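Asks: With the hints as constraints, model all of the structure from the sequences given.
2 protein chains.
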Amino acid sequence: MRGNGEAMPKHEAMPKHKAAVRKVLDRVKADKRSALTAPEGKLICEAYGISVPKEGLATSAAAAAKLARKIGFPVVLKIVSPDILHKTEAGGVIVGVKTPQEAQKAYRTIVANAKKYNRKAKIEGVQVQQMVGGGQEVIVGAVTDPSFGKLVAFGMGGILVEVLKDVTFRLAPVTRDEALGMLDGIKAAEILKGVRGGEAINRAALAGLIENVAKLIADFPEIVEMDLNPIFASKKGAVAADVRIILDWKPPLQRYRPSQDEILRAMNRIMRPKSVAVIGASAEDGKIGNSVMKNLINGGYQGQIVPIHPSAGEIMGRKAYKSVKDVPGEIDVAVFCIPAKFVAGALIEVGEKKIPGAVLIPSGFAETGNVAGQKEIQEIGRKYNVRLMGPNIYGYYYTPMNLCATFCTPYDYKGAAALSSQSGGIGMAIIGFSRSAKMGVSAIVGLGNKCDLDEDDLLTFFEQDDNTQVIAMHLEDLKDGRSFAEVAKRVSKKKPVVVLKAGRTAAGAKAAGSHTGALAGNDKIYDDILRQSGVIRAPGLRDMLDYARGLQKLPTPKGENVVIITGAGGSGVLLSDACVDYGLNLMKMPADLDQAFRKFIPPFGAAGNPVDITGGQPPSTYANTIRLGLEEPRIHAIILGYWHTIITPPMVFAKVVVEVVEELRAKGIDKPIVASLAGDVEVEQAAEHLYDHGIPSYAYSTEIPVAVLGAKYRWARGAGLVK
Amino acid sequence: MRGNGEAMPKHEAMPKHKAAVRKVLDRVKADKRSALTAPEGKLICEAYGISVPKEGLATSAAAAAKLARKIGFPVVLKIVSPDILHKTEAGGVIVGVKTPQEAQKAYRTIVANAKKYNRKAKIEGVQVQQMVGGGQEVIVGAVTDPSFGKLVAFGMGGILVEVLKDVTFRLAPVTRDEALGMLDGIKAAEILKGVRGGEAINRAALAGLIENVAKLIADFPEIVEMDLNPIFASKKGAVAADVRIILDWKPPLQRYRPSQDEILRAMNRIMRPKSVAVIGASAEDGKIGNSVMKNLINGGYQGQIVPIHPSAGEIMGRKAYKSVKDVPGEIDVAVFCIPAKFVAGALIEVGEKKIPGAVLIPSGFAETGNVAGQKEIQEIGRKYNVRLMGPNIYGYYYTPMNLCATFCTPYDYKGAAALSSQSGGIGMAIIGFSRSAKMGVSAIVGLGNKCDLDEDDLLTFFEQDDNTQVIAMHLEDLKDGRSFAEVAKRVSKKKPVVVLKAGRTAAGAKAAGSHTGALAGNDKIYDDILRQSGVIRAPGLRDMLDYARGLQKLPTPKGENVVIITGAGGSGVLLSDACVDYGLNLMKMPADLDQAFRKFIPPFGAAGNPVDITGGQPPSTYANTIRLGLEEPRIHAIILGYWHTIITPPMVFAKVVVEVVEELRAKGIDKPIVASLAGDVEVEQAAEHLYDHGIPSYAYSTEIPVAVLGAKYRWARGAGLVK
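As given, the protein sequences belong to chains Z and D, one line each in that order.
Residues 26 to 748, numbered by our numbering, are exactly what the first sequence covers, in order.
Residues 26 to 748, numbered by our numbering, are exactly what the second sequence covers, in order.
Do not take every clue at face value.
Note that identical chains are pooled: a pair holds if it fits in a single copy or bridges any two copies.
[What the hints assert, rightly or not] The list that follows gives simulated cross-link-like pairs (lysine to any residue, SDA-like), each with its CA atoms no further than 25 Å apart: (1) K67 - K379; (2) K344 - E374; (3) K190 - L208; (4) K400 - L278; (5) K319 - I671; (6) K504 - Q489; (7) K613 - P658; (8) K218 - G182; (9) K275 - A146; (10) K261 - A243; (11) K57 - G174.
By construction, these hints were calculated from the structure, which means they are not laboratory data.
Note that the structure is a prediction, hence the values are computed from the model and not measured.
Replies: Pasting the structure below:
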C-alpha cells in the first residue's frame with residue numbers, strides 16, 4: 026500500500042496498479058454490476074495509493090490483539106458473517122478499542138453476541154479496523170461531465186458545506202500544483218491551514234490523494250462517479266473512511282478532433298480567403314444573398330467574389346456560375362445564402378470542389394427541430410473535409426481583409442478584438458456596441474448551432490493571428506469543453522480570452538448517483554474550468570463588451586501595485602471599494618513616495634493611497650502627480666478619479682493626461698491607466714478622448730474602469746506575466 | 026427561570042428581571058470591573074429568560090444524585106474548591122454521568138481525587154451541571170456600533186462559520202418576527218431546518234433567546250458587548266453553554282435629534298423658500314457668489330433673491346444689503362458664498378434674523394483639518410436653531426421651484442427622483458448623468474461634511490414631498506445610523522429609498538473585545554441594517570443612477586410572476602440568468618397561457634418562459650405577445666428582449682411597444698416593463714424612445730434592465746406591496 030502523498034510511478038510499462046484495478050473491474054463487469062462493493066472500492070484505492078483505513082480479519086482473540094497492535098490503536102472490531110447483516114443490532118461492533126487486552130475482550134464479546142443473536146450464523150471471524158477520525162472532514166470525488174469529461178472534485182465535509190456548496194472542480198488528471206490549488210479553491214480554505222488553534226492539515230498528503238483519484242478516473246473511462254466521503258485530513262495524513270465508485274460500461278462518445286495543424290490550415294483559408302463564393306447570390310434587394318454580395322463589395326474586400334446562381338450570368342457586376350464546380354481556380358470559402366432544404370446538395374458540390382470552408386447562414390436546422398437535416402450536412406462536411414460555420418448564423422467579419430460575409434452591414438472600425446457569439450441576437454448587440462463605442466475589432470464570428478466549427482477552432486486561429494490581441498466569446502454551451510479548456514489554456518498565455526457563459530443558472534443537472542454529482546451544479550464546473558484555463562469570465566454582456574474594448578488598449582502591468590490619483594475624495598472611496606471588488610491591490614504608499622506626492626498637493630490633501638489631490642486644483646497638479654506615478658517604478662498601474670471644476674474643465678483634464686501619458690510612452694514607459702470622470706455632460710467627450718488615446722475611461726462610473734483594469738490583471742496573473 | 030422562547034413580560038412597573046440585572050451590574054460597577062464572571066453572566070441570562078445549563082451545588086453523594094435526577098441526565102460533576110484551580114488536572118471533573126448511582130460514585134471519586142491532589146484544599150462541594158450538547162451550535166451576541174448603537178448578532182457556531190463570516194445583525198431590540206428573520210438571514214439557514222436527516226431546531230426557542238438578548242442590551246446601555254457561544258440549539262430548545270458580557274461605564278453620547286415636526290418645519294422652508302439670501306453675492310464672473318446668483322436667476326426661481334454684500338448697492342439687478350439683518354421681511358434660507366473664516370460671523374447674523382436654514386458652500390472646515398471651526402459653526406447653528414447644510418458642498422437643487430442654489434449649472438429636466446451626495450465629485454456625476462440620461466429629478470442635495478443636516482432630515486422632507494417618488498443617496502457614513510434606520514424604515518414603506526454606501530471595504534474595525542465584535546465587519550452591519558430598513562442598496566455609482574432613473578418610471582408590480590418575451594433566444598438565456606441574479610421569479614407558464622402565446626409564434630418558437638417568438642418576426646408578433654402578457658392577470662411584470670432585424674427595425678419595435686403599452690394603460694392596466702435591445706446603433710434611439718414612455722430600456726445590455734426591475738421588486742417586497 027502506498028503512503029500518503031506519494032505520487033504514482035509514471036513510466037511503468039504494464040503498471041501493477043492499473044492491472045490491479047483492471048482485475049477488480051473485470052470481475053464487476055462479469056457480474057454485470059455498475060456499483061462496487063466497499064472491499065472492491067478499497068482494493069482500487071489501495072492500488073492507486075489512496076489511503077484507506079488499515080484492516081484485517083482475525084479468527085481468534087489473540088490474533089485480534091496482534092492485528093490491532095500492528096494497525097495501531099484505537100481500532101474498531103466488527104463481526105464478519107454472511108448471516109448477520111445488521112452488525113450493530115447484533116452487538117457485533119465495538120468501537121474505540123485502545124489496548125491489546127481490550128481487543129481480546131472485544132473479540133470474545135462480539136463472537137458471543139453474534140452467537141446469541143443468531144446461533145446458526147456462520148462466523149468467519151472479526152474484522153479489526155483502524156479507527157479514523159479527528160482532523161478535518163473533507164470530500165474528494167469525481168464526476169463525468171458530458172462536455173468536460175472526467176472531473177475531480179474537492180470540498181469540505183459535513184452538512185454545512187453541503188448547504189453552502191463549497192466545492193471546486195478540475196479536469197482530471199491534475200498535476201500536484203493543481204491539486205494544491207484546489208485546497209485553496211474553496212471558500213473555507215483557511216480552515217485547512219489551521220485557524221483558532223486548529224492544526225494545519227498535511228497539504229501534501231491531501232493533494233497527493235486528489236492527484237491519485239484524478240489519475241484513477243482518467244485511467245479508467247468506466248469509472249464515471251466516485252465519492253471519498255468523509256476523508257479525515259489531519260497533520261498526519263489523509264485517510265478516506267468511505268469509498269463509493271459507480272461504473273458505466275458504455276464506451277464514451279469519441280469526438281471529431283482534427284489536429285491543430287489541420288484546424289489552422291482550414292481556418293486561415295476561411296478567415297483570410299483569396300476567393301469567396303456566394304451560394305444563392307442575388308441582385309434582388311432584401312434577399313440575404315443580395316445583402317452578403319453588397320457587404321462583400323461595399324466593405325472593400327479585395328479578393329475574388331464569385332456569385333453562384335442557377336440562372337444569372339452575372340450579379341452586381343461579377344460573373345456568376347451555376348455551381349461552384351464550374352468556377353475555374355481555387356475557392357477558399359463558400360457563403361450559403363439558400364434555404365435549408367438546398368444546403369445539403371450545394372454542400373456536396375462544395376466538397377467536390379475541395380473548398381475548405383462553408384459558412385452556413387441559413388436557419389431551419391436543429392434550432393427548429395430539424396436535427397436530421399443538421400446531421401446530414403455534418404456528415405457531408407466530414408466526408409469531404411469541409412469545415413462548417415453555423416448553421417443559423419449572421420455570418421462573419423474579418424476586418425483586416427475588409428471582409429464582411431454577413432447580411433448585416435460592413436463594420437468599419439478596425440482593431441484588435443476578435444469576438445464570437447453563439448446567438449445571432451447577441452452578435453447584433455456586439456456589432457452595435459462595437460460601432461457605437463468605436464471598439465477596435467479584428468473579427469466578429471457567428472457560431473450558431475455549432476454543428477462543426479467551435480470556439481476552440483476560433484481560438485486556434487486567433488492565437489496566431491497578429492491582428493487579434495484579445496478574444497471575447499459569448500457561448501451557451503461547449504460541445505467539447507475539454508478541448509476548449511486545453512486550447513484556451515494555451516492561448517490565454519498569449520492573449521486575453523474573455524468568455525460570457527450564458528445559461529449559468531439553467532440547472533443542467535442530470536440525475537446524479539453520487540454525492541459529488543449532486544454538488545456539481547453545471548455552472549460551478551464551468552466557472553472552475555474556465556478559471557483553470559486562464560479565461561476571464563465576464564459576468565454579463567456589457568462586461569464582456571467593455572473588457573473586449575478596454576483590454577486591447579491597456580499594456581500588461583508589470584506588478585501588483587495600483588495607485589489611485591483622484592481630484593474627488595468621494596470618487597477615491599468608491600474606486601477603492603471597486604479595487605477590492607475586482608481583486609486589485611492598492612499599493613501601501615512608501616513614506617518617501619508619500620512625500621514626493623505631497624509636494625504637488627495642498628497640505629490638507631491626503632497622500633497615501635488614494636492620492637487625494639483635492640478638488641480645486643489646476644491641470645498642473647493632475648499632470649505632476651500622474652507623471653510621478655508613471656515614472657516611479659514601484660507603481661505598476663494607475664486609476665484616475667477626475668472631478669469637474671472650472672479650474673480644470675473636462676477636456677483640459679483629458680488633454681493634459683494624454684500629453685503626460687504620451688510623453689512617457691515616448692520614453693518607453695507604458696503602464697495601464699484607467700479613469701473615472703465625475704462631472705457634467707462634458708465629461709463624456711473627455712472620456713472618449715482619453716479612450717481614443719489608450720486610457721479606458723468612463724463618465725459617471727467608478728466601477729467599470731476598475732473592472733476593466735481588474736480583467737487585465739486577472740489575465741496577466743493567469744498567464745504568469747505578473748506575480 | 027423562564028423557559029425557552031418565552032418572551033419577557035412587557036408592562037411591569039418595576040420589573041423584577043431588570044432589578045435582578047441592575048443588582049449584578051451595581052456590584053460589578055462597585056468592583057470597578059468591566060467584565061462579568063461566568064456566574065454573574067448566568068444570573069443576568071436567567072433574569073432575561075435566556076436558557077443556560079441548569080446546575081447546583083451538592084455537599085454529599087446522596088445530594089449529588091438527587092440534584093442530578095432533578096436536573097436530568099446526563100450531568101457533569103465538578104469539584105468546587107477555592108484551592109483547586111485546575112479542576113481537570115486534579116481529577117475533579119467527571120462528564121457523562123448517566124444515573125443516580127453513577128452520580129454518587131462520581132461524587133466520591135471527585136472528592137477523593139481532590140484530597141489526594143491537595144490534602145489541604147478546602148472543599149465546598151461538587152457542582153452538578155446539566156450536560157448540554159447535540160443539535161446545532163450557534164452563536165448569539167451583541168455589539169455597540171458608534172453609529173447604529175446596540176446591535177444583536179446571530180450566526181452558526183464552529184470555526185467554519187468563523188472563516189466564512191456567516192453572521193447577521195439587527196438593531197436591538199427586535200420583535201419576534203425580526204428574530205425569526207435572523208434565522209433565515211444567514212447563508213447556512215437551511216441547516217436549522219434540518220437537512221440530510223438532521224432534525225429541525227426549535228425556531229421559536231432560538232428566536233425567543235435572540236429577542237431576550239436584544240431586549241437585555243437595549244435595556245442596559247452599559248452592556249456594550251456580549252457573546253453567547255456556543256448555544257446548543259436543538260428540537261428541544263436553545264441553551265447557552267457559555268456567556269461573556271463586557272461593560273462600559275461611560276454614558277453613551279447623546280445626539281441632537283429634533284422632532285420630525287421640527288425637521289419638517291425647517292426643511293420645508295429650506296427646500297421651498299419664498300426668499301433666498303446669497304451671502305457673498307458677487308457681480309464678478311468666476312466667483313462662487315456670482316455663479317449662485319446667476320443660477321438662481323437663470324434657473325427661473327420665482328421667489329425673492331437677496332444679495333448680501335459689504336458695499337454693493339445692487340447686484341445683478343437685485344438690491345443688495347450689508348447684512349441679512351438689514352433685509353426687511355422674512356428670509357427662508359441663506360446661501361453662504363464666503364470664505365470659511367467669515368462663516369461664523371455671518372451665521373450669527375443669520376441666527377439673529379431667525380433664518381431657519383444656512384447652506385454652507387465654503388470648504389475649509391473638518392475636511393481640511395479645521396475641526397474647531399466646524400464645531401464653532403455647529404454650536405452657533407444649535408444656539409440659534411439654524412439648520413446647516415454642509416459645509417463643503419456644491420449647494421442644492423429643488424426643481425419644482427426652479428431653485429438652483431449651486432455654483433454648478435441649472436438643471437432642466439424635472440421629474441420624481443431626489444438625490445443626495447456626501448461628496449462633491451459624486452454630486453457632479455449625479456448632475457452629469459441626470460442631464461445626459463434625461464433623468465427626471467426633483468432635487469439634488471450636497472451634504473458634504475454633514476455638520477448638521479443629514480440623510481434622515483432629507484428623508485423626512487422627501488417623504489411628504491409630492492414631487493418626489495424615489496430617493497437615492499450616496500453616503501460614506503451615517504452620523505446617526507439608528508435615526509437613519511428608523512426614518513428609512515418608515516419612508517421606504519411609501520417611496521423607494523436607494524443607498525450607495527461608499528467605503529464598504531474600509532475596515533472601520535475598532536479593536537473588538539468579543540467574538541461577535543470581531544465578526545462585525547463594518548460593512549456587514551450596514552448591509553443588514555439597510556436591508557432591515559427597507560433600503561435598496563446599490564452596488565455601485567452607476568447602479569444607483571440607473572435605479573433612480575428607472576424606479577420612478579416603473580409602476581409597482583402586483584405579484585411575483587415575471588415573463589420574458591424575446592425575439593432573440595440568446596437574449597432570453599442571458600435575461601433568465603439576470604433574473605436569478607436580481608431575485609426575480611420567472612413564472613412557471615401555465616399550460617393554457619402557453620397555448621395562448623403559441624398562437625402568435627412560429628411552431629418552432631418556444632413558449633414556456635422565456636417566450637421565444639424567434640428572430641424573423643414582424644412587429645405584430647411583438648404586439649400580440651406583449652398585449653397578451655399585459656392583459657393576462659397572472660402575469661405581473663414583463664421583460665422584453667429585442668433583436669434587430671430588417672422585418673422589425675428598432676424604431677418600429679419601440680413604437681409598437683409604446684402603442685400597446687399605452688393602449689392598455691388607457692384601459693387601466695399598467696405593469697412594469699423593461700427592455701433589452703440587441704442590434705446595430707439604431708437600437709440606442711429606440712431605447713431612448715421606450716424610456717421616454719415609461720419603459721426602462723437598454724441597448725447592448727441584458728443585465729441593467731433586469732437590475733432595475735429587480736430593484737423595484739426589492740422595494741415593493743420590503744414595503745409589503747407584493748407578496
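Asks: Reference check for the pair K400 and L278, CA-CA at most 25 Å: within, between, both, or neither?
Replies: within (16 Å within a copy, 77 Å between copies)
Asks: For K344 and E374, with the copy left unspecified, which applies at a CA distance of at most 25 Å: within, between, both, or neither?
Replies: Classified as within; 19 Å inside a copy, 91 Å across copies.
Asks: If the cut is 25 Å between Cα atoms, do K57 and G174 qualify within a copy, between copies, both or neither?
Replies: Within one copy only: 23 Å inside a chain, 68 Å across chains, cut-off 25 Å.
Asks: Go through the copies and call it for K319 and I671: within, between, both or neither, with a Cα cutoff of 25 Å.
Replies: Between copies only: 15 Å across chains, 50 Å inside a chain, cut-off 25 Å.
Asks: Up to 25 Å between alpha-carbons, please classify K504 paired with Q489: within, between, both or neither.
Replies: within (23 Å within a copy, 58 Å between copies)
Asks: Indicate which option fits the pair K67, K379 if close means a Cα-Cα distance not exceeding 25 Å: within, between, both or neither.
Replies: neither (56 Å within a copy, 88 Å between copies)
Asks: Between the shortest in-copy and the shortest cross-copy C-alpha distance, which are at most 25 Å for K218 and G182: within, between, both, or neither?
Replies: both (16 Å within a copy, 19 Å between copies)
Asks: Is it within, between, both or neither when you check K613 against P658 at 25 Å Cα-Cα?
Replies: For K613 and P658, only the intra-copy Cα distance (14 Å) is at most 25 Å; the inter-copy one is 58 Å.
Asks: My question is about K190 and L208: at a cut-off of 25 Å on alpha-carbon distance, are they close within one copy, between copies, both, or neither?
Replies: Both ways: K190 and L208 sit 15 Å apart in one copy and 19 Å across, limit 25 Å.
Asks: How would you classify K261 and A243 at a CA-CA limit of 25 Å: within, between, both, or neither?
Replies: neither (27 Å within a copy, 49 Å between copies)
Asks: Indicate which option fits the pair K275, A146 if close means a Cα-Cα distance not exceeding 25 Å: within, between, both or neither.
Replies: neither (40 Å within a copy, 76 Å between copies)
This entry does not satisfy hints 1, 9, 10, going by the numbered hints stated previously.
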